[in-house]
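Sequences listed follow chains B and U, in order. So the first sequence is numbered by our numbering: it starts at 8 and just counts up by one. So the second sequence is numbered by our numbering: it starts at 172 and just counts up by one.
Be careful, since some hints might not be right.
Quick partial rundown of chain B residues pointing at chain U, CB under 7 Å, derived from the structure [unchecked claim]:
| hint | residue |
| --- | --- |
| 1 | TRP14 |
| 2 | ALA16 |
| 3 | ALA47 |
| 4 | GLY50 |
| 5 | LEU51 |
| 6 | LEU97 |
| 7 | PRO117 |
Quick caveat, the hints were computed from the structure, so don't treat them as lab data. Backbone N, C-alpha and C fix where the C-beta goes; we use that ideal spot for every residue, glycine too.
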Amino acid sequence: SQTIHQWPATLVQPVGSPLSLECTVEGTSNPNLYWYRQAAGRGLQLLFYSVGIGQISSEVPQNLSASRPQDRQFILSSKKLLLSDSGFYLCAWGTGSPILISSYEQYFGPGTRLTVT
Amino acid sequence: GESVGLHLPTLSVQEGDNSIINCAYSNSASDYFIWYKQESGKGPQFIIDIRSNMDKRQGQRVTVLLNKTVKHLSLQIAATQPGDSAVYFCAEINFNKFYFGSGTKLNVKP
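Can you make the complete structure from the sequences, with help from the hints?
Structure representation (structure tokens):
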């Protein structure tokens, strides 16, 4: 069965410090991978998605970046955190193809709660 | 991005009653819709999905209705239980991109 891991679970970082959040998926190959951010009491905002190694699409301008060095690894990074980067970060994987209409189920990781102080 | 919104931010229901959570979407070209349940401090969990060529789909105690004419989606939960208390999101999918609403918080009163 498929499993998605995220770490760390919680993180407190000072403004201006770097960030690296990691997400890995097990039990599937060539998944679509997604990073979302959820502010308190708000919906999910899609930050990045990837349909393959080295392929990253950014949805919103920001000081975050994403990388996919391996098929089942997705990393969210920042060189200098801002206060506004605080939030609940969720990684997700899915099998939907941008070309073929197939199942678009997405499976979410446990999330990382980031507090920038 | 797309605009997916919810009519009610908070819904309180009595245990055993049916719940109806509504969602409006903006892109008539979206071909797939999903309802998620998110418990406090956890990631969203898939509940049920529906394709744009359907108007109704039933699961276990849940039913999703799609009205493409008015671009409206609803989630019906039968015999609501305390364990159903959570935030519910709808998502529309367009070209492999997911757009989520802000969510409706469902409170189930014993």
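Now the hints, each set against the structure:
no. : hint   : verdict
1   : TRP14  : violated, 13 Å
2   : ALA16  : violated, 10 Å
3   : ALA47  : violated, 11 Å
4   : GLY50  : holds, 4 Å
5   : LEU51  : holds, 4 Å
6   : LEU97  : holds, 5 Å
7   : PRO117 : holds, 6 Å
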